[in-house]
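Please build the complete structure, drawing on both the sequences and the hints.
Here is what each chain is made of, one letter per residue.
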Amino acid sequence: MPGRNKQEAIDSFCGFFKESLSCITDSFLHPVQHSANQYLLTYEPPAPLLCQTEDRTLSVVQTFSCVRETDTSLWKVRTNQYSYSLNGTGGEIVSYHWHPIGTAVCYPHLHVGSVANVHFPTARISIEKFIRMLIDYYDIEPLLADSRWKRILDKNNKAFDKMATWH
Amino acid sequence: MAVAAKKTNERVKWIKRDQAMTLVDARAKRVLGISGAEFMAKWNAGEYRNLDSDACPGVIELALLAPPTGRAQRARKKQARSHR
Numbered sequence: 470m471p472g473r474n475k476q477e478a479i480d481s482f483c484g485f486f487k488e489s490l491s492c493i494t495d496s497f498l499h500p501v502q503h504s505a506n507q508y509l510l511t512y513e514p515p516a517p518l519l520c521q522t523e524d525r526t527l528s529v530v531q532t533f534s535c536v537r538e539t540d541t542s543l544w545k546v547r548t549n550q551y552s553y554s555l556n557g558t559g560g561e562i563v564s565y566h567w568h569p570i571g572t573a574v575c576y577p578h579l580h581v582g583s584v585a586n587v588h589f590p591t592a593r594i595s596i597e598k599f600i601r602m603l604i605d606y607y608d609i610e611p612l613l614a615d616s617r618w619k620r621i622l623d624k625n626n627k628a629f630d631k632m633a634t635w636h
Numbered sequence: 034m035a036v037a038a039k040k041t042n043e044r045v046k047w048i049k050r051d052q053a054m055t056l057v058d059a060r061a062k063r064v065l066g067i068s069g070a071e072f073m074a075k076w077n078a079g080e081y082r083n084l085d086s087d088a089c090p091g092v093i094e095l096a097l098l099a100p101p102t103g104r105a106q107r108a109r110k111k112q113a114r115s116h117r
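These protein sequence lines map, in sequence, to chains A and B.
Counting in the numbering used here, the final residue of the first sequence is number 636, and the numbers go up one at a time with none missing.
Counting in the numbering used here, the final residue of the second sequence is number 117, and the numbers go up one at a time with none missing.
Don't read these hints as lab results, they were simulated from the structure.
Do not take every clue at face value.
[What the hints assert, rightly or not] Incomplete in silico selection of chain A near chain B, CB under 10 Å: (1) F486; (2) P514; (3) P517; (4) V530; (5) Q550; (6) H566.
[Stated by the list, open to error] In silico EDC-like pairs for lysine to aspartate or glutamate, Cα to Cα no more than 16 Å straight-line: (7) B:K46 x A:D623; (8) A:K598 x A:D630; (9) A:K624 x A:D608; (10) B:K75 x B:D58; (11) B:K46 x A:D480.
[What the hints assert, rightly or not] Partial list, derived from the structure: chain A residues whose beta carbon lies under 10 Å from chain B: (12) C483; (13) K487; (14) H499; (15) E513; (16) V529; (17) T532; (18) S552; (19) G560; (20) E561; (21) A614.
Note that the structure is a prediction, hence the values are computed from the model and not measured.
By construction, the Cβ of each residue, glycine as well, lies at the ideal position given by its N, Cα and C atoms.
Okay, here's the thing in structure tokens:
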């Protein structure tokens, strides 16, 4: 959600990001300010997830900056790069990446651990869609009641769809 | 919405800029077996440009965690202009 100033926009963004992640982990999320207008969110170490069958962890890195909208003068967060990964004891199981800065692959893509060396092109992925995929298909157990986590992910994904400048 | 966001911010802990390299160092040692400083030197020299998760699991996260250099700063500004 936009804010009246940079800090309000960032706090709002971090809050909603954390709210979505709270559906599957209660680990502390760490925002970092690298420079005047370069920030990132991450877990360090990767966040343990609840899974009945296997040991699973979640790695998240999202870099972002703040921009001021010309029509409203409100500040909003713009994502610059992301990496969302589900990890097992043998390494990455599935991960969504977008890292156009400094690397050869500039488009959003998917890695599947069992299919090596392929960057499957994707649309831009929200953290909410990634979390929903983990719950629906990778046996990750939500920490919240069904009615609550579904409502949170749906609400925040709609906000992403509304605010994202490209997909 | 603002109330919900504020409550979940209780489990959001800011890391200061001078602590960020500690984070990079810990991740670099775990993922690549090298120090954060060594990773930064190699990254800035373009050594990991063509690597991705398949060849080097965790290297992309490490690259995103690393503080941006002058070249990366210019690239991000260019990206910001193109995605407005």
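Comparing the hints with the structure gives:
1. With a least beta-carbon distance of about 9 Å to chain B, the hint placing F486 of chain A at the interface is held under the 10 Å criterion.
2. Because the beta carbon of P514 of chain A sits about 8 Å from the nearest beta carbon in chain B, less than 10 Å, this interface hint is met.
3. Contact between P517 of chain A and chain B, as hinted, is not supported at the beta carbon level, the nearest pair being about 14 Å apart and thus beyond 10 Å.
4. The interface hint given for V530 of chain A holds, since its Cβ lies 4 Å from the closest Cβ of chain B, which is under the 10 Å cut-off.
5. With a least beta-carbon distance of about 5 Å to chain B, the hint placing Q550 of chain A at the interface is held under the 10 Å criterion.
6. Hint on H566 of chain A holds. Least Cβ distance to chain B is approximately 6 Å, under the 10 Å limit.
7. Between K46 of chain B and D623 of chain A the alpha-carbon distance is near 25 Å, which puts this suggested pair outside the 16 Å criterion.
8. Distance check on the hinted pair: K598 of chain A and D630 of chain A sit about 11 Å apart at the alpha-carbon level, within 16 Å; holds.
9. Between K624 of chain A and D608 of chain A the CA atoms are separated by roughly 22 Å; this puts the pair beyond 16 Å, and the hint is violated.
10. For the suggested pair K75 of chain B and D58 of chain B, the alpha carbons sit about 13 Å apart, so the restraint of at most 16 Å is met.
11. Under the criterion of a C-alpha separation no larger than 16 Å, the hint pairing K46 of chain B with D480 of chain A is consistent with the structure, at around 11 Å.
12. Annotation: interface hint on C483 of chain A holds; nearest CB of chain B at approximately 5 Å, less than 10 Å.
13. With a cut of 10 Å, the hint placing K487 of chain A at the interface with chain B holds, because the nearest CB-to-CB distance is about 4 Å.
14. Because the smallest distance between the Cβ of H499 of chain A and any Cβ of chain B comes to about 5 Å, under 10 Å, the interface hint for this residue holds.
15. About 5 Å separates the beta-carbon of E513 of chain A from the nearest beta-carbon of chain B, less than 10 Å, and the hint is met.
16. At about 9 Å, the closest approach between the beta carbon of V529 of chain A and any beta carbon in chain B falls short of 10 Å, and the interface hint on this residue holds.
17. A distance limit of 10 Å between C-beta atoms decides the matter here; for T532 of chain A the minimum to chain B is near 6 Å, and the interface restraint holds.
18. The criterion of a C-beta within 10 Å of any C-beta in chain B is met by S552 of chain A, whose closest approach is roughly 5 Å, and the hint holds.
19. The interface hint given for G560 of chain A is met, as the beta carbon of that residue sits about 5 Å from the closest beta carbon of chain B, less than 10 Å.
20. Interface restraint check: E561 of chain A against chain B, minimum CB-CB distance 5 Å, threshold 10 Å, status holds.
21. Here the hint on A614 of chain A is broken, as its CB sits about 15 Å from the closest CB of chain B, past 10 Å.
The earlier numbered hints that this structure contradicts are 3, 7, 9, 21.
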